[in-house]
Amino acid sequence: MHIPDGYLGPPTYIATYAACAPLWGVAARKVRESLDARRAPLLAISAAFSFLVMMFNVPLPGGSTGHAVGGVLIAISVGPWGAMLSISIALVIQALLFGDGGITAIGANCLNIAFVMPFAGYYTYRLLSRALSSERGRVLAAGIGGYVGLNAAAFTTAVMFGIQPLLHMSPDGRALYAPYPLSVAVHAMMIQHMTVIGTVEALVTGLVVHSLHRSRSAWVLDRPERRSSR
Amino acid sequence: MKEYRGLLVALGVMALLTPIGLYLPQITKAGAAWGEWGILEVRKMVGYAPAGMEKASDTWKAPIPDYAPPGRENASIPEQGIHYLLSAFLGIIACGGGAYLLARWLTRRGSPPADRRQ
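For the record, the sequence lines run as chains A and B. If you read the first sequence in the numbering used here, its first letter stands for residue 15, the second for the next number, and so on. If you read the second sequence in the numbering used here, its first letter stands for residue 39, the second for the next number, and so on.
Check the hints yourself; a few may be wrong.
[As the list claims (entries may be wrong)] Which bits of chain A does chain B cover? Going by a derived footprint, with three or more residues having C-beta under 8 Å, they are:
#1 28 to 40
#2 81 to 88
#3 102 to 113
#4 132 to 142
#5 173 to 186
[Said to hold, decoys possible] Listed next, with one range per pair, are the computed distances between beta-carbon atoms:
#6 B:Asp96 x A:Thr209: 27 to 35 Å
#7 A:Ile117 x B:Ile120: 44 to 52 Å
#8 B:Ser114 x A:His201: 24 to 32 Å
#9 A:Arg230 x B:Val84: 32 to 40 Å
#10 A:Pro75 x B:Asn112: 22 to 30 Å
#11 B:Arg146 x A:Gly187: 55 to 63 Å
#12 A:Leu196 x B:Pro107: 44 to 52 Å
#13 B:Pro101 x A:Arg230: 13 to 21 Å
#14 A:Leu235 x B:Ala89: 46 to 54 Å
#15 B:Val47 x A:Arg144: 29 to 37 Å
#16 A:Pro25 x B:Glu41: 43 to 51 Å
Simulated from the structure, these hints should not be mistaken for laboratory data. Cβ atoms here follow ideal geometry from the backbone N, Cα and C, with glycine treated the same way.
Based on the provided sequences and hints, a complete structural model is requested.
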């Protein structure tokens with residue numbers, strides 16, 4: 015899901031940087047207002063955690079790979095704005111140090127993986143937690159949240175790929191950037207993420223929430239009703 | 039920091055397991071993720087290298103491209119695993135360190151009085 019350099023034309027990557035800048039600002043303000051200083055190291059743990067999760071490449075049928083992100087789990091712990099900051103840091107480090115994801119695409123990747131994913135997944139989790147308030151229910155809600163969040167991010171990523179041939183086409187009909195049309199990009203990305211990777215994300219999210227509930231580190235999971243992120 | 043010990047241990051264990059994420063795709067001969075192909079692969083797939091993509095594909099020379107030192111892409115399989123493992127620990131330090139500094143800076147400045155008493 016890490017868009018490399020050269021896949022997005024300048025209008026798209028500039029627009030995504032422009033969209034991310036104020037969101038990073040809001041995230042910083044929200045975290046400053048709502049994060050307890052004692053919980054602050056959780057942001058560091060979260061950034062490192064999501065970096066590591068993304069190293070676990072899973073082979074997919076058809077010869078490609080994908081990986082989970084852990085973004086919704088992080089949002090359940092430090093809130094969606096905290097998740098945005100910590101996952102953004104992981105994405106920046108991946109791009110700068112390891113060439114995983116483009117420099118020009120940092121805005122786009124942060125928008126998809128650090129914003130769309132934690133927000134879509136976290137609010138799914140919160141909505142479901144109201145109905146599923148038992149411990150087992152929360153685990154289920156977290157798993158579904160992970161699935162929804164990952165697929166939401168895969169979808170916005172696919173749309174960014176897919177609009178490139180519409181925006182940039184040379185006179186001889188050749189693509190200038192990402193070459194595949196919207197239908198192909200959305201189809202390919204969603205098939206992979208709705209089947210294998212989404213399931214992996216759901217399992218990781220649910221299992222970690224389950225084991226945290228039972229461990230001494232249960233405080234890591236913030237209760238949704240206590241949060242004032244909105 | 040006592041309450042964080044368990045979490046840090048968990049991160050360490052995860053890091054030790056990361057080579058699975060390198061070897062599993064190798065064993066199954068899986069290629070790049072969708073939309074993350076190199077320029078040569080794109081040329082093979084669509085029959086030409088998109089001009090803008092070709093120009094921009096080497097915008098940035100990462101110091102540790104694809105979680106291995108430059109030029110060591112074709113190292114032996116155990117060596118690749120070690121590179122991957124070291125990258126995982128470097129990633130923990132870089133991401134954890136960066137996020138920790140940001141979090142400290144954010145929670146120090148203008149934090150509510152309730153936090154300061156602790």
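Against the structure, the hints come out as follows:
For a cut-off of 8 Å, the count of residues in the segment 28 to 40 of chain A with a CB near a CB of chain B stands at 0, and the three-residue condition is violated. Requiring three or more residues with a Cβ within less than 8 Å of a Cβ of chain B, the coverage given for the segment 81 to 88 of chain A is violated, as only 1 such residues are present. Coverage of a stretch by a chain is defined here by at least three residues with a beta carbon nearer than 8 Å to that chain's beta carbons; for the segment 102 to 113 of chain A and chain B the count is 10, and the condition holds. For the segment 132 to 142 of chain A, the stated coverage by chain B is not satisfied: 0 residues place a CB nearer than 8 Å to a CB of that chain, which falls below the threshold of 3.
Under a criterion of three residues with beta carbons nearer than 8 Å to beta carbons of chain B, the stated coverage of the segment 173 to 186 of chain A is upheld, 3 such residues being counted. Distance hint for B:Asp96 and A:Thr209: a CB-CB separation of about 34 Å, consistent with the stated range 27 to 35 Å. At about 27 Å, the beta-carbon gap between A:Ile117 and B:Ile120 misses the expected band of 44 to 52 Å. For the pair B:Ser114 and A:His201, the supplied restraint of 24 to 32 Å is violated, since their beta-carbon distance comes to about 38 Å.
For A:Arg230 and B:Val84, the hinted distance range of 32 to 40 Å is not satisfied, since their beta carbons lie about 53 Å from each other. Roughly 27 Å separates the CB atoms of A:Pro75 and B:Asn112, a value that falls within the hinted 22 to 30 Å. The hinted range of 55 to 63 Å is satisfied by B:Arg146 and A:Gly187, whose Cβ atoms lie roughly 56 Å apart. A beta carbon spacing of about 38 Å between A:Leu196 and B:Pro107 contradicts the range 44 to 52 Å that was offered as a hint.
Between B:Pro101 and A:Arg230, the C-beta spacing of about 38 Å breaks the proposed range 13 to 21 Å. Under the hint 46 to 54 Å, the C-beta atoms of A:Leu235 and B:Ala89, about 49 Å apart, fit the expected range. About 34 Å separates the C-beta atoms of B:Val47 and A:Arg144, a value consistent with the hinted range of 29 to 37 Å. For the hinted restraint 43 to 51 Å between A:Pro25 and B:Glu41, the CB-CB distance of approximately 47 Å keeps it satisfied.
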